[in-house]
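A.B. asks: Sequence:
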Amino acid sequence: MHWMLWLFFLCFVHNEVSVIGLRMSEVSVPTIGLFGGEETLECHFLLETDDLLSVKWYKDDHEFFSFWPRRDPVIQHFTLPGVILLSNSTMNRITLSNLTLLSSGNYKCEVSAERPSYRTLSLDGNLTIIVPPDPEIPRINNISSSVLMGDTIKGNCTSFRSNPPAALSFFINGEKAGRGEIKEYTPVGGTWERLGEPLDLYTSVLGLEVQVGHRHFRQGLVRLTCTATIGHWQRDLSTQLTIRHKNFPEPITPHGQNNPAGKRLEVKNLVLMNGFFCFWLHWL
Numbered sequence: 215m216h217w218m219l220w221l222f223f224l225c226f227v228h229n230e231v232s233v234i235g236l237r238m239s240e241v242s243v244p245t246i247g248l249f250g251g252e253e254t255l256e257c258h259f260l261l262e263t264d265d266l267l268s269v270k271w272y273k274d275d276h277e278f279f280s281f282w283p284r285r286d287p288v289i290q291h292f293t294l295p296g297v298i299l300l301s302n303s304t305m306n307r308i309t310l311s312n313l314t315l316l317s318s319g320n321y322k323c324e325v326s327a328e329r330p331s332y333r334t335l336s337l338d339g340n341l342t343i344i345v346p347p348d349p350e351i352p353r354i355n356n357i358s359s360s361v362l363m364g365d366t367i368k369g370n371c372t373s374f375r376s377n378p379p380a381a382l383s384f385f386i387n388g389e390k391a392g393r394g395e396i397k398e399y400t401p402v403g404g405t406w407e408r409l410g411e412p413l414d415l416y417t418s419v420l421g422l423e424v425q426v427g428h429r430h431f432r433q434g435l436v437r438l439t440c441t442a443t444i445g446h447w448q449r450d451l452s453t454q455l456t457i458r459h460k461n462f463p464e465p466i467t468p469h470g471q472n473n474p475a476g477k478r479l480e481v482k483n484l485v486l487m488n489g490f491f492c493f494w495l496h497w498l
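Using the working numbering, you'd call the opening residue of the sequence shown number 215 and step up by one each time.
Source of the hints: derived by calculation from the structure; they are not laboratory data. Just so it is clear, CB atoms sit at the ideal spot from N, CA and C, and this is done for glycine as well.
For lysine-lysine, the following BS3-like pairs were computed, each having C-alpha atoms within a straight-line distance of at most 27 Å:
1. K368 / K390
2. K368 / K397
3. K460 / K390
4. K368 / K460
5. K322 / K270
Derived Cβ-Cβ restraints for the label pairs, each shown as a range:
6. S242 / M363: 47 to 57 Å
7. E389 / R307: 44 to 54 Å
8. D338 / S360: 52 to 62 Å
All chains, full assembly: derive it from the sequences and hints.
C.D. replies: Printed below as a string of structure tokens:
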């Protein structure tokens, strides 16, 4: 009896091992794409003992690409809003071009195998399209470039026409401004044309109001920085304004009367000339 159970177990294990075939390795979907740009999506898998039946791509569960190695044509495209494929698409890689806001969504690669496993496996990822600000760098407005101790710095930072709206932050000498020093405004939306397409874009504004004291000045200067963050886009969008204390001496320049090195050079040259003149008189 025991040997029959053992034989059954071996047959079960053999059958399980024999059907091991298709495995998904990786599906690469960029998290961020730029409006009007291109992004490449990749789908990698291992067939092992299986034969490939098909590879399909879906956006939000709607099929737009298929690869059938035993059909003619091998590759098929299906029209879908926001999805434009380059002609160099392959079994493992497709490239989306002319990205629009409609290109945002969930992208899934589905791989099906024939015998012996007859498996169908899939992996997916989300792509979000961003419309960068125009101009790209935010602007600091209505803030004087020179102040006195006790004056109030009051102005704002603006990031124009993006989607999603920019999240703005002020930094004073590298330290983030406190909540009591800033004033947040609701982004203002409007329709703007970009690459010939009307888009819903947003302008963001962040106000700043702070009374400057000794702690704000570094060698007579206050450095304001405004940064803009657009979703999860990893891009440095920042601008800086340097504010000078009105009673602090002007920065020393490389040339001119305020340059101590220049003065030392002039004095040295004068001493040398005077010594040469005295030596010449001695020999007369």
